[in-house]
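Asker: Model the full structure from these sequences, guided by the hints.
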Amino acid sequence: MEPLSNRKKVLEQKPMNFWERLYLPAIFQGMGITFMHMFKKKETIFYPEVEREFSENWRGLHSLKRDENGAERCTACGLCALSCPAEAITMIAGERQKGEEHLYREEKYAAVYEINMLRCIFCGLCEEACPKEAIYLDGPIVPADYLRKDFIYGKDKLVEEPIGSL
Amino acid sequence: MELAFIIEKFILITVIFSVSLGVAAYSTLAERKIAGYLQDRVGPSRAGWGGMFQPLADGLKMFFKEEIIPAESSKALFILGPSLALLTACIGSAVIPWGQDVLIADRLVSLQVTDINVGILYIFGVVSLGVYGIMIGGWASNNKFSLMGAVRAASQSISYEIPMGLSIIALLLATNTLSMKEIAEQQHGANWNILYQPLGFLIFLVCSFAETNRTPFDLPECETELVGGYHTEYSGFKMGAFMFAEYLNMFLASAVMSTLYFGGYNYPGMDWVNEMTGPTIGPLIGMGVLFLKIFVFIFFFMWVRWTVPRFRYDQLMNLGWKILIPLAIANIVITGVVITFVDKL
Chain A
1027 MEPLSNRKKV LEQKPMNFWE RLYLPAIFQG MGITFMHMFK KKETIFYPEV EREFSENWRG
1087 LHSLKRDENG AERCTACGLC ALSCPAEAIT MIAGERQKGE EHLYREEKYA AVYEINMLRC
1147 IFCGLCEEAC PKEAIYLDGP IVPADYLRKD FIYGKDKLVE EPIGSL
Chain B
2 MELAFIIEKF ILITVIFSVS LGVAAYSTLA ERKIAGYLQD RVGPSRAGWG GMFQPLADGL
62 KMFFKEEIIP AESSKALFIL GPSLALLTAC IGSAVIPWGQ DVLIADRLVS LQVTDINVGI
122 LYIFGVVSLG VYGIMIGGWA SNNKFSLMGA VRAASQSISY EIPMGLSIIA LLLATNTLSM
182 KEIAEQQHGA NWNILYQPLG FLIFLVCSFA ETNRTPFDLP ECETELVGGY HTEYSGFKMG
242 AFMFAEYLNM FLASAVMSTL YFGGYNYPGM DWVNEMTGPT IGPLIGMGVL FLKIFVFIFF
302 FMWVRWTVPR FRYDQLMNLG WKILIPLAIA NIVITGVVIT FVDKL
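If you read the protein sequences in the order shown, they are chains A and B. If you use my numbering, the first sequence corresponds to residues 1027 to 1192, in order. If you use my numbering, the second sequence corresponds to residues 2 to 346, in order.
Calculated directly from the structure, the hints in this document are not laboratory data. Any given hint could be a false lead.
[Said to hold, decoys possible] Taking CB as the label site, the calculated pair distances span: (1) B:57 / A:1064: 19 to 27 Å; (2) B:199 / A:1043: 19 to 27 Å; (3) B:281 / A:1048: 42 to 50 Å; (4) A:1082 / B:54: 38 to 46 Å; (5) B:270 / A:1047: 38 to 46 Å; (6) B:49 / A:1066: 23 to 31 Å; (7) A:1056 / B:122: 34 to 42 Å; (8) A:1165 / B:57: 33 to 41 Å; (9) B:238 / A:1064: 31 to 39 Å; (10) A:1086 / B:152: 47 to 55 Å; (11) B:66 / A:1155: 40 to 48 Å; (12) A:1079 / B:51: 22 to 30 Å; (13) B:281 / A:1077: 53 to 61 Å.
[Stated by the list, open to error] Examples of chain A residues lying across from chain B (beta carbon under 10 Å, computed): (14) 1053; (15) 1057; (16) 1060; (17) 1064; (18) 1066; (19) 1068; (20) 1070.
Ideal placement from N, C-alpha and C gives every residue a C-beta, glycine not left out.
Answerer: This is how it looks when you write it as structure tokens:
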């Protein structure tokens, strides 16, 4: 058959000569290579003190956003929970009372909003599903912890700080 | 006099024992550091300055781990295995001459625990006993992977002891003695045995790698095939004992190689240094030189480990039986012929 391109290379496997069958030269060559690596720049990043620079579309810890007046954007529609492939998001909706307009933007809000960080796969589908631009995965790496219950992040950890406190 | 002798030896043994334990402990750190540096990492760096206390942390971890003895194992043998491995690794250093005689408080103190006239044979015996610990431990685990590892360790040890012994025979032809002290003394200055026995040293080196179960001959604990090899069922301190025995063996092998082939405590210009520093400091400098050589060898062990991949089992056997043994025999013949020739002249 005609070759489609001329990129094919036939590797010739010659029987090794005596020098190659000794293996020792090849071993010393390899040891030279590894020895030179001792003096190369180390790739290690000392994580908690130094952080690797993240790419712009990096997805980290979720944050629930506030609008320009400092009211929570989330209206507890449940689309994020529905879109979540890992079923990490649970929420309980609440009705906004009179006098709470500065706290919640819509009449309905999330009274409880929890993300289980052990289930979350940081796919960003909740971010895409949200019609109110209320959730973004723009935080840092989720820190390690000792207990499973401490990985269920509630509103206390997810909602971003009010504008005034910044 | 008699009491002074006992005290002297007791102190010497204690010092050697603790030093070799310390070296073995810090070998674990060195191994991880060197592994890191050869792979463009930095290795453990958190415990203490640059990871100085990592061996302590590791030891502490080993102590606090649960010690599991499998229900179906032979309990006595299961405990005996690592104990024997550790014991045999510790007693080998008794015949190593660590330096020339030191003058301490008008007493000439020998820096060798005992100068038995069959020192090399003693080391040989101790090194071969080392595999018993592995064998017993692997067999007592009642686990097929452990048993496989143990069987491999035994066959590897048997295969590589022969070329090791043969390479030693060539060395004995050249030195005419079995005493470690005399061999060390013969290499005064820069008159090292490596100059007369390069091939013998190469064979001895390869066999030392095999005897200490280090990569590329670490088939007994080959993780990719045998889970953990002979120590699959071991945990906690008994596992630590096996690890420690390996590093102690490495220390011993390095010390033996330095003494037999690289002049031990001898170094070029040692007479001048001894005259300048006197009979107390001079031998101690020689001891420092010996330790320097040992550390270079330990580094070499680790360097090879992180460069050369593991042998396949048939390659291991081929190398041992078809290459090293004929080479070692040829080495004996050549050495014998050359010595006869030189003597005739």
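Asker: Give a verdict on every hint.
Answerer: Cross-check of the supplied hints:
no.: 1; hint: B:57 / A:1064: 19 to 27 Å; verdict: holds, 25 Å
no.: 2; hint: B:199 / A:1043: 19 to 27 Å; verdict: holds, 23 Å
no.: 3; hint: B:281 / A:1048: 42 to 50 Å; verdict: holds, 47 Å
no.: 4; hint: A:1082 / B:54: 38 to 46 Å; verdict: holds, 40 Å
no.: 5; hint: B:270 / A:1047: 38 to 46 Å; verdict: holds, 41 Å
no.: 6; hint: B:49 / A:1066: 23 to 31 Å; verdict: holds, 25 Å
no.: 7; hint: A:1056 / B:122: 34 to 42 Å; verdict: holds, 36 Å
no.: 8; hint: A:1165 / B:57: 33 to 41 Å; verdict: holds, 37 Å
no.: 9; hint: B:238 / A:1064: 31 to 39 Å; verdict: holds, 33 Å
no.: 10; hint: A:1086 / B:152: 47 to 55 Å; verdict: holds, 51 Å
no.: 11; hint: B:66 / A:1155: 40 to 48 Å; verdict: holds, 46 Å
no.: 12; hint: A:1079 / B:51: 22 to 30 Å; verdict: holds, 26 Å
no.: 13; hint: B:281 / A:1077: 53 to 61 Å; verdict: holds, 55 Å
no.: 14; hint: 1053; verdict: holds, 6 Å
no.: 15; hint: 1057; verdict: holds, 5 Å
no.: 16; hint: 1060; verdict: holds, 4 Å
no.: 17; hint: 1064; verdict: holds, 5 Å
no.: 18; hint: 1066; verdict: holds, 5 Å
no.: 19; hint: 1068; verdict: holds, 5 Å
no.: 20; hint: 1070; verdict: holds, 5 Å
Checked against the numbered hints listed earlier, the structure breaks none of them; every hint is satisfied.
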